[in-house]
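Residue 303 is where the sequence shown starts when you use my numbering, and the numbers rise one by one after that.
There's no promise every hint is true.
[As the list claims (entries may be wrong)] Keeping only pairs whose Cα atoms sit at most 25 Å apart, straight-line, the calculated DMTMM-like set for lysine to aspartate or glutamate is: (1) K1010 - D983; (2) K911 - D897; (3) K367 - D357; (4) K574 - E642; (5) K343 - D644; (6) K1022 - E1009; (7) K543 - E366; (8) K564 - D1035; (9) K550 - E642; (10) K1029 - E966; (11) K1029 - E937; (12) K1029 - E1009; (13) K1010 - E387; (14) K636 - E366; (15) K550 - D663; (16) K564 - D759; (17) K574 - D1035; (18) K911 - E432; (19) K1010 - D1035; (20) K531 - E580; (21) K998 - E1046; (22) K1019 - E1062; (23) K838 - D1053; (24) K1022 - D1048; (25) K1022 - E966; (26) K911 - E1062; (27) K343 - E432; (28) K531 - D1053; (29) K911 - D975; (30) K550 - E366.
[What the hints assert, rightly or not] Restraint-style ranges between C-beta atoms, simulated for each label pair: (31) K404 - G1045: 57 to 67 Å; (32) R1061 - D521: 21 to 31 Å; (33) Q384 - G406: 45 to 55 Å; (34) D1053 - A967: 44 to 54 Å; (35) P350 - R936: 43 to 53 Å; (36) A967 - L802: 50 to 60 Å; (37) D1024 - S939: 10 to 20 Å; (38) R1036 - N348: 50 to 60 Å; (39) R776 - G971: 53 to 63 Å; (40) G406 - A928: 47 to 57 Å.
Think of the hints as simulated: they come from the structure by calculation, not from any bench.
No residue lacks a Cβ here, since even glycine has one placed at the ideal position from N, Cα and C.
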Amino acid sequence: MADKINTLPFLLFLLCLSNHIVESREPFACDPKLGLTRSFKFCRVNLPIHVRVRDLIGRLTLQEKIRLLVNNAAAVPRLGIQGYEWWSEALHGVSNVGPGTKFGGAFPGATGFPQVITTAASFNESLWEEIGRVVSDEARAMYNGGMAGLTYWSPNVNVFRDPRWGRGQETPGEDPVVAGKYAASYVRGLQGNNGIRLKVAACCKHYTAYDLDNWNGVDRYHFNARVSKQDLEDTYNVPFKSCVVEGKVASVMCSYNQVNGKPTCADPYLLKNTIRGEWGLNGYIVSDCDSVGVLFDTQHYTATPEEAAAATIRAGLDLDCGPFLAIHTENAVKGGLLKEEDVNMALANTITVQMRLGMFDGPSAQPFGNLGPRDVCTPAHQQLALHAARQGIVLLQNRGRTLPLSRTLQTVAVIGPNSDVTVTMIGNYAGVACGYTTPLQGIRRYAKTVHHSGCNDVFCNGNQLFNAAEIAARHADATILVMGLDQSIEAEFRDRKGLLLPGYQQELVSRVARASRGPTILVLMSGGPIDVSFAKNDPRIGAILWVGYPGQAGGAAIADVLFGTANPGGKLPMTWYPHDYLAKVPMTNMGLRADPSRGYPGRTYRFYKGPVVFPFGHGMSYTTFAHSLVQAPREVSVPLASLHVSRNTTGASNAIRVSHANCEALALGVHIDVKNTGDMDGTHTLLVFSSPPGGKWSTQKQLIGFEKVHLVTGSQKRVKIDIHVCKHLSVVDRFGIRRIPIGEHDLYIGDLKHSISLRENLEEIMS
C-alpha cells in the first residue's frame, strides 16, 4: 500500500476525473473531419496493412520521405498526417526520459515499478508480463490524453557482463536465458496479444555486445567490442533473439559501439541478415540516439556523411534517433550512394508499425480509446508495484534467524544515507511516481523509530554524523542500516570504479553494529553487486538484504519483509564478486570464458569459477523447501533431420549440429515435487541448471529453466520444467555453431542431480 501522506492528494485528483475521459489528442492521421482523407486508400481500415503502406509511400515526395526517417518525424499536412515523436521510454513504468512523453495536468505521474534488475530477481515470468500490461495501459491512457507516444524504446536486454557497468541496473542480469525470458514476457505485456495489432510498440535494446559506458578513458562512442563468434551466439545475442522470435517485438535498437570493427548500426550482417533475415523481425530497426552521427563524426567509419547515411540504411536501419539522416539522406540518393527504393523499404517498416498501432485508423477504430487518467496510478497498479518489490527482495544472509523481526519491538533505529530516500528507489529511466513510501516510513508502520542518516549522501565523505547513529543504535531494540548506491555512483555514462561501499559507509556499518543493543540488519540498495564481505563475516550483523532499486513502494516492501508480513523469495540475477576480481578483468575485454594462461578468470557464473561474495541464484527464505525428482528421462535419442547430414554431423567433436537435428521431437519434461518443510508460508524459486559432458565443452553450468511456486507451510506441489534439447542442452563451438554434445548431461535442481544420456539416432531416417 503506497504511503497515505504522499498519495492521498493524487488519489483525490483521480476521483475527480473518474467520471470522464480526457481525450485531447487529435487523430494522428485519417481524421474523418478532413474531407481529403476519405479518398486515400491508406485510410481504409478494411484493406490489408501492406496495401495501405504501399499506397501512402507512393504519395510521398522524396523530401517528405526523408523527414520521416528521424525520431521527430515531420508532419505531412497535405495528406492529413501529423508530426510524430518516436522516442518514448517505459523501462519499468512510463518514463519522461524521452521527448515523446511528459507529465502534468491530468497525468501528474505514473506507477513507478522496481528497477528491472530488482524485478528480474523475482524469476517470475507472469509478473514480468503483468507489469508490462499495466505499463501499456498507462501509456495508452497518456497517449489518449496527448501526453505520450505509442513507441517505447524498452526493455534493455543486454547481458550484465561486468559488475561495474552503470546500466546493469536496467537489465535482467547476467544470464542470457533469464534475459531472454524477461524480454519476451515484458514485450508481450507491453504489446498485447491481439494478433498483428499492437497496444504499444516495444523495442529491445542495445544490439549488440553493449555493456560499457565510460571506463578508464574508454567510452561507448569509441569502443570497439571484440567479440568471438562463440560468445556472440552463446550469450550476447541470445536475449535479442528471444525478444524477436518469442516476444514478437516490434523494434530493435542498434548500439553506439562497434563490434569487431563495424558500427552495429551499419553492419548488414547484424541488422539485415540476423535480426530481419534469420530471426524474422516484423518491425523497425532504430539507432541509439545520435549513433549514426557518432559513427561518422567520432568513429570516422566513412569519409563523408552521405556515405554514413547510405551505409546505415543499406545495412537495414529504418529510423535514426537524431537528425543525421534527415540532413544527409537526400544527397546520398542524389549522389547515387542510395536508391529511393532503399528509403521506401525503411519507411515501410516504420509505417507498418504505426498502422499496427492504429495510428491511421481514425478515432472511431481505437480499441484502447477508452483509457484515460482514471487508468493511471490506480490502486491495483500501485499494489502490483508493492507486490513486485516484495518478490524482488533477496535475503542474502540470516544468522540464527535474526529475521523476521518481532512486531513487539518498542524502538527501531533506522540509519543510513538510503534510509529515507524517494527517487533513489526508482533508479534510472524512470518517470514521476504516483507517490513514495520510503524505508523509514515503511518501518514506522511496525515500530517506533529513531532516524539518523549517518552520512549526508551515499558518497559518505566523512564520519562526523556517526556518533549520533551509534547512540541511536545503543538505545534501540533493533537497528536497520539502509546503505548502498544511487545514480550518482552508477548510471548511464557512469560506470563504477570499484565494488566496495562508497566512502565511509563500511565504517558506519561496522561502528553501528558494534554499538547496537539489539540485532543489526544491513539493507543494501543498489543496481550492481557490492562486496560486503566485511558484513558477511561480522557476527554482529544478523541479516543482509539486497533490495535493488525497489520502486515507489520500496519502503513498504522492505518493512514487510523485515517484519515477516512478506517472506522473501528473490534470487540474485548476477554474481557478487570480491573487489579484487576487478584487477583481473579489464572492462574492455569482452571474453566470457576463462583463460588461465593469461590469468583471466572469466565472467558470470557460467564461466567464472573463483571465489564470490554471493553466487548467482542465491537467495534465502524464512521457511525451508525440499525437492524430489518424480519423473525425468534417463536416455534420449537425438534424431537427425535427414540421412544426407548424418555422415558429417558429429565428427571429432562428438556433437550434432542443432541445424541437423529434428528438434521438434526433442521436447522433454522434468517433473519435480516441491514441499514447504518449514513453519511459514513462502514462495520458492525453482532453478534448473545443466552441464554438458566433460572434455572440450568444459564443465560450464547453465540455467535452463525456472519456476515460481507458492506453498503454504506443509504443502507440496508438482512442478513441470520443459526442456528443449536443441535449445537447453546445446552448446556453441568456437565457430559460433550450436551443437548438441552426445553423452551424459547433468541436471541440477536444488540439491538434486540427475543425468540424461543423449545418443545419436539414425534409425528413424534409415527406416
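Worksheet item: Has the given pair, K543 with E366, been kept, meaning a C-alpha gap of at most 25 Å?
Response: Distance ~33 Å between K543 and E366 Cα, so the pair is violated.
Fill in: Agreement of K1029 and E937 with the hint, judged by alpha carbon distance not exceeding 25 Å
holds, 17 Å
Item to complete: Would you check the hint for K574 and E642, treating anything up to 25 Å between C-alpha atoms as holding?
Response: holds, 18 Å
Discussion item. Between the alpha carbons of K1019 and E1062, is the straight-line distance 25 Å or under?
Written reply: Since the Cα atoms of K1019 and E1062 sit roughly 35 Å apart, the hinted pair is violated (cutoff 25 Å).
Fill in: Given pair status - E1046, K998, alpha carbons within 25 Å
Distance ~14 Å between K998 and E1046 Cα, so the pair holds.
Worksheet item: Given the proposed pairing of K1022 with E1009, does the C-alpha separation stay at or below 25 Å?
Response: holds, 9 Å
Worksheet entry | Satisfaction of hint between D1053 and K838, Cα-Cα up to 25 Å | Holds, because 23 Å separates the two Cα atoms, which is no more than 25 Å.
Worksheet item: Taken at face value, is the distance from the CA of E1062 to the CA of K911 at most 25 Å?
Response: Not satisfied, since the Cα-Cα distance of roughly 31 Å exceeds 25 Å.
Practice prompt. Evaluate the given range 50 to 60 Å for the C-beta pair formed by R1036 and N348.
Written response: Taking Cβ atoms as reference, R1036 and N348 lie about 53 Å apart, which means the hint holds.
Worksheet entry | Pair hint K1029 and E1009, alpha-carbon separation not exceeding 25 Å | holds, 17 Å
Item to complete: Measure nothing beyond the straight line between the CA atoms of K911 and D897; if it is 25 Å or shorter, mark the hint as holding.
Response: Holds: K911 and D897 sit about 12 Å apart, inside 25 Å.
Item to complete: Take the C-alpha atoms of K1010 and D983, compute the straight-line distance between them, and say whether it is at most 25 Å.
Response: Holds. K1010 to D983 sits at ~14 Å (cutoff 25 Å).
In the structure shown, a violation is registered for the earlier hints numbered 7, 9, 13, 16, 18, 19, 22, 26, 27, 28, 29, 30, 32, 33 and 34, in ascending order.
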